Every structure is written in structure tokens, then in C-alpha cells.
Amino acid sequence: MGKHDVSGIASPNWLTTRAEALFDWVKQRVDPAVNWSRANSLWPMPFGTACCAIEFMAAAASRFDFARFGMERQAFSPRQADVLICAGRLPFKLAPVIRRIYDQMPQPKWVISMGACASTGGVFDNYAMVQGIDTVVPVDVYVPGCPPRPEGLLYGVLLLHKKIKGESLVTAGLRDEQPLDDRGLRLPPATIDEISEPFGNSLHQFRSA
Amino acid sequence: MTQSYLIFTILLVFVALNAAILIGVSHLVAPRKPTVLKGTPYESGMPPLGTARERFSVKFYLVAMLFIVFDIETVFLVPWATIYLGADGGTGPSMGFLLVEALVFIGILFAGYVYVWKRGAFEWD
Amino acid sequence: MNPSVAALRATFGSAIGRAMELCGDTIVYVDRAHLVDVLRWLRDTPGQAYDYLVDVTAVEYRDRERPLEVVYFLRALARVADLRVKVELDPAGELAVDSVASLWAGANWLEREVYDMFGVTFRGHPDLRRILMWETYAEGYPLRKDFPLRGRFSRAEQVRQALNANPEAHYSLEELSLADVQAELPPDMVDRLRRGERGTVPHSE
Numbered sequence: 001m002g003k004h005d006v007s008g009i010a011s012p013n014w015l016t017t018r019a020e021a022l023f024d025w026v027k028q029r030v031d032p033a034v035n036w037s038r039a040n041s042l043w044p045m046p047f048g049t050a051c052c053a054i055e056f057m058a059a060a061a062s063r064f065d066f067a068r069f070g071m072e073r074q075a076f077s078p079r080q081a082d083v084l085i086c087a088g089r090l091p092f093k094l095a096p097v098i099r100r101i102y103d104q105m106p107q108p109k110w111v112i113s114m115g116a117c118a119s120t121g122g123v124f125d126n127y128a129m130v131q132g133i134d135t136v137v138p139v140d141v142y143v144p145g146c147p148p149r150p151e152g153l154l155y156g157v158l159l160l161h162k163k164i165k166g167e168s169l170v171t172a173g174l175r176d177e178q179p180l181d182d183r184g185l186r187l188p189p190a191t192i193d194e195i196s197e198p199f200g201n202s203l204h205q206f207r208s209a
Numbered sequence: 210m211t212q213s214y215l216i217f218t219i220l221l222v223f224v225a226l227n228a229a230i231l232i233g234v235s236h237l238v239a240p241r242k243p244t245v246l247k248g249t250p251y252e253s254g255m256p257p258l259g260t261a262r263e264r265f266s267v268k269f270y271l272v273a274m275l276f277i278v279f280d281i282e283t284v285f286l287v288p289w290a291t292i293y294l295g296a297d298g299g300t301g302p303s304m305g306f307l308l309v310e311a312l313v314f315i316g317i318l319f320a321g322y323v324y325v326w327k328r329g330a331f332e333w334d
Numbered sequence: 335m336n337p338s339v340a341a342l343r344a345t346f347g348s349a350i351g352r353a354m355e356l357c358g359d360t361i362v363y364v365d366r367a368h369l370v371d372v373l374r375w376l377r378d379t380p381g382q383a384y385d386y387l388v389d390v391t392a393v394e395y396r397d398r399e400r401p402l403e404v405v406y407f408l409r410a411l412a413r414v415a416d417l418r419v420k421v422e423l424d425p426a427g428e429l430a431v432d433s434v435a436s437l438w439a440g441a442n443w444l445e446r447e448v449y450d451m452f453g454v455t456f457r458g459h460p461d462l463r464r465i466l467m468w469e470t471y472a473e474g475y476p477l478r479k480d481f482p483l484r485g486r487f488s489r490a491e492q493v494r495q496a497l498n499a500n501p502e503a504h505y506s507l508e509e510l511s512l513a514d515v516q517a518e519l520p521p522d523m524v525d526r527l528r529r530g531e532r533g534t535v536p537h538s539e
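Residue numbers (the numbering used here), protein chains in the order written: chain P, 1 to 209; chain L, 210 to 334; chain F, 335 to 539.
Source of the hints: derived by calculation from the structure; they are not laboratory data. This one's a predicted model, so the numbers in the text were calculated from it and none came from an experiment. Glycine is no exception: its CB is placed at the ideal position from the N, C-alpha and C atoms. You may find that some hints are simply not true.
Unchecked claim - Sample of chain F residues with no beta-carbon within 12 angstroms of chain P, all distances over it, derived: (1) Asp371; (2) Thr391; (3) Leu462; (4) Met523.
As the list claims (entries may be wrong) - What follows is a set of in silico ranges between Cβ atoms, one per label pair, in the way DEER data are often shown: (5) Gln178/P / Leu215/L: 49 to 57 angstroms; (6) Ala58/P / Val284/L: 50 to 58 angstroms; (7) Glu20/P / Thr470/F: 51 to 59 angstroms; (8) His204/P / Asp480/F: 13 to 21 angstroms; (9) Ser62/P / Leu275/L: 41 to 49 angstroms; (10) Asp378/F / Pro198/P: 47 to 55 angstroms.
Pulled out of the complex, with its shape left as it was, chain P reads as follows:
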């Protein structure tokens, strides 16, 4: 909603008008510059676990080259990364690892979930795989595909650019950390169950045999 908290106070006076003008100035002048800088220099942290990592490498190589979109340097340390790209399926055993890596990234940070397995668990609807990394880390862009073509990943990156360019510095709480709650979960259990439910052909598969 473009209004900040100050305008919710009862009577507009000189101070609130000035504050509002400042916020608008920030939105008009500073935000586009900051968002342009952030979007065009997203350094990815490749969290490649499986086949999607190969397509990620293809997107990074010379034919498709996402360096021309600003992802010049793949940061293998979360400290220097802007966007965590989870490329591949995530076993439950690896879930605390990706959560810790996400927590160790400094703000501003975004997450791209690349591929069907990272987005929903993909073909692996079983006892060992996380059914979508959004049960573990907050995701900004989902790139479907098994694996997505490099052009698909690039489209996802461009969608992220668009999302970043719509952000604002004055939005309260946008760049706040969202830690796990005291149960150690990101979402309420009912939500996790709901988004992990089988769908499509998986509905007919319930035996190991």
C-alpha cells in the first residue's frame, strides 16, 4: 500500500507532511536507483544438489551466460551472495543445512527455487525428500521444469529483477529476518501439510511396492 505508518496518526500536521514528503522523495528518487543496483548485480549462491545444477551451470556458461544479467560472480560463501538458487531436490537431511546457509546470508537476500523438486518435491514424493523448499526457506521466484532449460532459469531471474524493482526502502519490515519459530518451523504445521499434499498422479501412489 504505498503509505507508511505516520499517515495513520489522527491529525496531519507540519511534521507528518514533511515526513510524508521525504518518504515520497525517497520512493521517487532513491528507490529506483537502489533497486536498479540491486537487481543488476545479484550475485547467486548456487545451492545445486542434483540435475538442475547441471542446467544452472549451462545457464552460467557462455551460450546462455547469466553474467550478462549481472550475476557475474557465483558466490559460494553466503556472506557475499544476494540470491540463493536452490537447484535440485532437497532431502530432509539437507534441510537444516540450507536453512543455516539462508540465515547466514546478509540482507537484502532473495531465494530462487529452481526446478520441480525444489518447488514442490517434484517426482520424489517420498519419505526422504522435502516437498518444496518453501517449507524451509521463504522463496521469491519458483522456476518450474525438470530441469528448466537455461532460458527458463533466465526468465526466472528476470522475474526476480522485476520483483526487486517493485520494492521500496521505506516498506516497513520488508528486509527483516524471519527466523524459525520456537517449534523450529517456518510455517504453521497445517500449512506445511497442505502445501506438501500429493497432487496429480501422486494421488494414486501410496505404496512402496
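With chain P fixed as given, assemble chains L and F onto it according to the hints.
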């Protein structure tokens, strides 16, 4: 000459301004949200095991010391070479005198070098 | 049919069950009680010399009346010969077999995998714990036929357990430090460490 100083000053001001703007704007605009977990060392996503304090072999210190000594010797030889080249036929010491002086200097340090060599300080293991 | 089968029957008699040849592979069934003796004989006898344990795995058939089989896949590298040795276990009874980790060092992890996935206990194994699932996994043994595809707990519970797990719980810095195990090191290794030697593997006699 004044013109080159002017150019250099403009460059200096530009560089300083550039650095100040880059660091200053990043400092103002960047979100700062430290958490305890964010501050823990990065060990590929695993909980950190042990401290980062490690014992270093004293051989590194020895190599560094020897390097300093012989590097300073080289540093002294460089201006000596400048003077030596310009000493031919001018006033002041002759080239022969300069050569002998430099040889004495190198000779003293060479004696130290032989001592260190024979004592085995150049052996890594 | 691999001639080892006839040699086995001559040596062990009634401990050897049926033998068959399928798709060029020889399979021989062995009694559970004599398993380690049979495998040791196969490894040590000069004419057999099955020195490479390719895999240890298990099979549970979908027909409930068929027993659960533990399969040992042996290979003689010098002779280029393969042999598959199977032990039948009653799925309703005690799922336990003697460990062959003392015969082949590679059996350590292979048997851990069978334990993790089927729940077969290997008696005498030096370090029997889960290897693929995490060590405190409480839902059961995933590759059994009565284990549901998606596990026994709800997805939320699985995520919660996964996020609260400590991946390095088994290891502590003390276990990884040589200083505390000085007393247990072999004497030649202690000597070499004291002399500051690095990067050598103590050869085994």
C-alpha cells in the same frame, strides 16, 4: 609542470569522492539485521565445530625473517645502482670505490647467508 | 554354473541350499548359521579367492510368503569370476545376521545401509548405525514392504524433525583430535607423529 599537478589533484579528488560515495551510500542504504545465527562462522551449513585458532609451524616465521633481511639488502642495492651509473667521471667517489663498498656490503650479508644455509634454516622439513 | 558351487557343496555339505544360474549369474543360498564360515572360505581358499565384496544388499519380495533375503555379491578379481550368496531370513522373525566387516572392510558401510533400509541387525558390526537416513530417524525402515511411501509421520512433523536435527551430533571435536587418542595409536604412528612426519599412511602388515 603545474598542469600535471592540476590533473593529478583532480584525479585525487575524484578518487576520494568516488570511494566516499560508494561506501557512504552503501552504509546508509544497506539494511542491517544482525542475528545470532547470522554471525556464526560459515562451515558449509553445518554447525561450527571447534575454534579457528590453529597452531602454526615456526618455519613460516623463520622464512619471513630471512626474507626481510635479504629484501632490505636488495632495497639498499637499488639506489646504489643509480649512483653507480652516474658516477663515471663526475665529482665524488670513483666507480671503483663504489664497487668495493658495495662488495663489502654484500660480502657481510653473504657471510650471514652462508651461516644460515649451513645451519639448515633453508630446509623446510 | 560357477564351479565354486560344487566346491562349496563338497566342503560345507548341508549348509548350502539351492543354487541357480540366472542371466549368466550364479546364485547360491547359504544357511544363516554358517554364513561367515562360507564367506571366509570363499575369500581365503586359493582356488576361490573372492577378494572383492561388491555389494551387500537385501530383498523383500512382494509375495508375503517369500523370505527376506540378504545378498552378498562377491567377485574374484584375479579369476574374473562372480558369485552371489544369499541368506534367507523370516521377515516375521529375528532379522539378524553375522557381520562380515571383519572379512572385507568395505562391508562396514554396506551393512549399515542394509540396516538402515531393512532393519537387519549385523551381529559383531563395529559401528552399526543409520547411514542414509539421519541417526535419530524414528519412522522405521524405509525399504520394507509395510513402510508407506511417504513415511509414517506427517510432512510437518518430518520437516520439524529435519530442521531441528544436528547434522554433526555424532562427531565431537574431541573425537576428531589426535591428542586425546595418543594411548590408542600404534607405536610406529606415535613415533612418526613425534618426528613431525606428515602425509604418510601407516602401512598395514
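Tested hints:
no., hint, result
1, Asp371, "holds, 34 angstroms"
2, Thr391, "holds, 16 angstroms"
3, Leu462, "holds, 19 angstroms"
4, Met523, "holds, 34 angstroms"
5, Gln178/P / Leu215/L: 49 to 57 angstroms, "holds, 54 angstroms"
6, Ala58/P / Val284/L: 50 to 58 angstroms, "holds, 51 angstroms"
7, Glu20/P / Thr470/F: 51 to 59 angstroms, "holds, 55 angstroms"
8, His204/P / Asp480/F: 13 to 21 angstroms, "holds, 19 angstroms"
9, Ser62/P / Leu275/L: 41 to 49 angstroms, "holds, 46 angstroms"
10, Asp378/F / Pro198/P: 47 to 55 angstroms, "holds, 51 angstroms"
Hint check: no violations occur; every hint is consistent with the structure.
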